[in-house]
Amino acid sequence: MGSLKPVDEATTQEGFLATRVDELINWGRKNSLWPMPLGLSCCGIELMAMIGPKFDLARFGAEAARFSPRQCDLMVVAGTLTWKMAEAARVIYDQMPDPKWVIAMGVCSSSGGMYDSYSVVQGVDMILPVDVYVPGCPPRPDAVIDAIIKLQRKIEREQPLKARLSGANLDHGIGSKAFVRAPNHSVPTRGSHAVLPPGELAP
Amino acid sequence: MSAPSANALDRVQSGLAALNPKSIAARDGMPAFEIEAEQVREACRLLRDACGFETNTFVTAIDHFPAEPRFELFWQFLSVQHNDRVRLSARVTGAHPHVASIGDLYPGTQYSERECYDMFGVVFDGHTSHAGGLKRLLMPEGYDHFPLRKDFPHQGIEPDKLYNAWFQRRFERHEREHADV
Amino acid sequence: MPTFEYAPGLLPPRAKPSGGGADGDDPLHGELLELNMGPQHPATHGVLRILVELDGETIARIEPEVGYLHRGKEKTCESLGWRKFFVHTDRLDYVQPLMNNVGYALALEKLGGVTVPERGQIIRVLLCELSRIGSHLIYLATTGIDLGAVTMFFFCFKQRETLYDLLDAYTGHRMNNTYVRIGGVYADVDERVQDAIEQWIAQFPAAVDEFEKMLTGNRIWYDRNHGIGAITKEQALAWSLNGPNLRGSGCDFDLRKAQPYSGYERYDFEVAVGTGGDCYDRYLVSIEEMRQSARIVQQCLKLLKETKGGEFLAEDRRYVLPPKDLVRSSMEELIHQFKIVTDMALPKGSAYHGIESSKGELGFFVASDGTSTPLRCHIRAPGLMNVQAIPMVAMGRLFSDMVSLIGSLDFVMGEVDR
Chain A
1 MGSLKPVDEA TTQEGFLATR VDELINWGRK NSLWPMPLGL SCCGIELMAM
51 IGPKFDLARF GAEAARFSPR QCDLMVVAGT LTWKMAEAAR VIYDQMPDPK
101 WVIAMGVCSS SGGMYDSYSV VQGVDMILPV DVYVPGCPPR PDAVIDAIIK
151 LQRKIEREQP LKARLSGANL DHGIGSKAFV RAPNHSVPTR GSHAVLPPGE
201 LAP
Chain B
1 MSAPSANALD RVQSGLAALN PKSIAARDGM PAFEIEAEQV REACRLLRDA
51 CGFETNTFVT AIDHFPAEPR FELFWQFLSV QHNDRVRLSA RVTGAHPHVA
101 SIGDLYPGTQ YSERECYDMF GVVFDGHTSH AGGLKRLLMP EGYDHFPLRK
151 DFPHQGIEPD KLYNAWFQRR FERHEREHAD V
Chain C
1 MPTFEYAPGL LPPRAKPSGG GADGDDPLHG ELLELNMGPQ HPATHGVLRI
51 LVELDGETIA RIEPEVGYLH RGKEKTCESL GWRKFFVHTD RLDYVQPLMN
101 NVGYALALEK LGGVTVPERG QIIRVLLCEL SRIGSHLIYL ATTGIDLGAV
151 TMFFFCFKQR ETLYDLLDAY TGHRMNNTYV RIGGVYADVD ERVQDAIEQW
201 IAQFPAAVDE FEKMLTGNRI WYDRNHGIGA ITKEQALAWS LNGPNLRGSG
251 CDFDLRKAQP YSGYERYDFE VAVGTGGDCY DRYLVSIEEM RQSARIVQQC
301 LKLLKETKGG EFLAEDRRYV LPPKDLVRSS MEELIHQFKI VTDMALPKGS
351 AYHGIESSKG ELGFFVASDG TSTPLRCHIR APGLMNVQAI PMVAMGRLFS
401 DMVSLIGSLD FVMGEVDR
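Keeping their order, the protein sequence lines are chains A, B and C.
Residues 1 to 203 (the working numbering) are what the first sequence spells out, left to right.
Residues 1 to 181 (the working numbering) are what the second sequence spells out, left to right.
Residues 1 to 418 (the working numbering) are what the third sequence spells out, left to right.
Hints were generated in silico from the structure; no laboratory data involved.
All the pointers check out, no bait thrown in.
Cut-off 20 angstroms, straight-line C-alpha distance, at most; resulting in silico cross-link-like pairs (SDA-like, lysine to any residue):
| id | chain 1 | residue 1 | chain 2 | residue 2 |
| --- | --- | --- | --- | --- |
| 1 | C | K158 | A | D142 |
| 2 | B | K150 | C | L80 |
| 3 | B | K22 | C | G349 |
| 4 | A | K54 | C | T151 |
| 5 | C | K233 | B | P107 |
| 6 | A | K54 | C | E161 |
| 7 | B | K135 | C | V52 |
| 8 | C | K348 | B | F65 |
| 9 | C | K257 | B | N7 |
| 10 | C | K305 | C | Y186 |
| 11 | A | K150 | A | R59 |
| 12 | B | K150 | C | G81 |
| 13 | C | K84 | A | G136 |
| 14 | C | K84 | B | P153 |
| 15 | A | K54 | C | H173 |
| 16 | C | K233 | B | Q81 |
| 17 | A | K54 | C | F204 |
| 18 | C | K257 | B | N83 |
| 19 | C | K84 | B | H154 |
| 20 | B | K150 | C | G349 |
| 21 | C | K84 | A | G112 |
| 22 | B | K135 | C | E63 |
| 23 | B | K150 | C | D369 |
| 24 | C | K348 | B | E34 |
If we strip away everything but chain A, and leave its shape as in the complex, we get:
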């Protein structure tokens, strides 16, 4: 990608080349999601059922679940995230190579759910940016498959080439500052424990 000639702004926005390449990249990305099942609690069992014989996630190109974050681009946070586990979850998220997406499966990871208690993170969006939220306790596997389809729609609308050509530092390796990313600040969070202000963390 780095060897491409710089293209002026007008061309990248409406140009034939950029649109087509974007489409190709998005098509490849959305149909070969490699999920990283962060099975924390009950939802992890339904996640297993989703990969299992009846629901068969392979139909949507996302069955290649790997337990190493280095090989994955979709993190499925399945279950209750506690503050003790949050550090590990954040490390795992940072270890995933870009581009990466996150599905918050179940109410616990979406909002803390029924656990309004001293040890539970009130929604994983406090520590990670989340793309799709799935309600349910636990959500049925059909609901999670729906979330994956929704995520594929979202990936379709992305413009990877434009982002690359606009000069943003997308080199999210360990060597770049960008690997510590600010969480999703568009999502309202409760209480004082929203993480550090975005200015301090943004690349």
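Use these hints to put chains B and C onto chain A, whose structure you have.
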């Protein structure tokens, strides 16, 4: 459960006669005794050696805040050979709650004692385990509070404190390491 | 451990010298390596973290670190009240939600002095045994994956999916059903569901035979389980192990037989007992328990037919909600409902009830001060005791044995951490 319990009551009463335990009528019909906190070790040793209770079922506490003595500790044992149970209880004060550990008599109590310390702050003197000394079991090391005490709010006090401190340290370290980038 | 960052030297001082693990020709013998496993690791069955120090291939020191799923359930019970805590018991051992419901309900009934009608007890036993089958299926599936028998995952989940469908048809949700109430169960079994369960349970023993055909005589499975992680009966008792882990060691103790609850004394079943106490014995015990559970389920279905139309929920207006149509027409029942929902108090005192869950003795120790706010609800989790036993068994063994050991001790972190 009622038939074996009567047998257990006699057995424990004769076994622990030297300690003069106070028999309690528990609602579930289980033989229950209240003893002095200093006698716990001796009582548990007698239960194991003289009364045939091989297994500890749990060690836990109840916080009677603001009453004093504040903590009521419970040890429940199961005898597989006699097929019955017994429950011991003892009260300790809230100022410096401590009681002797029985981790060497019943190795199965090591995690229960650690959990009890983690949740209530009750110190088990002489606790030894493969994990070293008495330390927290469920909450992270460095946590400031004892969550199951009655004066601790359900929503917690600064639940994200440890995480934020860790994140800040990590971020600063990263900044330091990549200052030239 | 203050932070998640892994730093060498986190392990406590060495408890005893290593030895007895790898053969003398281990080229790495004498080379110490500290290893961090988890909390996110496929072989730890949840968010368990294990710190290991390896001497070559042998485990020299090992320490499990739990609490990564500690959700504060016991505190939650104190703030929610007795009735609303039922939904939280589901999420304790989330592969067998209905069994947890039953255990909690039995403890509250003991404290409150409620008698469950016969049909209610039969339905509870039915749900318990279906849960036990489901839990053992998960054990087989996950341990199978860990030891390389990936097909077991598909075989077991095929059965489990049907079980999910049956529970879905009966209770309205695949898992976390919350179907048991104080005094009985929420609703009666539908006859069509009964027939479906009957059909499924009729083919189930053949499915267990199929599992056995795949594993029991399988050379790899045998070698990786036989003689691994042996626990003697005395050790198991001293380390508070119950359930299949105790019975695998040759101790014939099953709470369903020894201290029967919910009318278990009327069912005809055998208690599976092992001899050596190793992983292979625990596997055989689990397999046999599935067969026996299937037998109990068949007897339950027969009894359900005999007691058709009977009461399944006690009429105890201190704790049991009145039927909805009566609430709409009768002032008295409306008051009952209001009282139960807003401040249901249990009598002053404490009670303990332990049930034979699929992993050991699942007990609830409940204490009330006579008000509607629970004083204490302690959950005696069998899984915590199973995790506690890991160092005792794994110390001095080969590192690769730990995978089968963790699988066969069988714990679920939701219950371990609560």
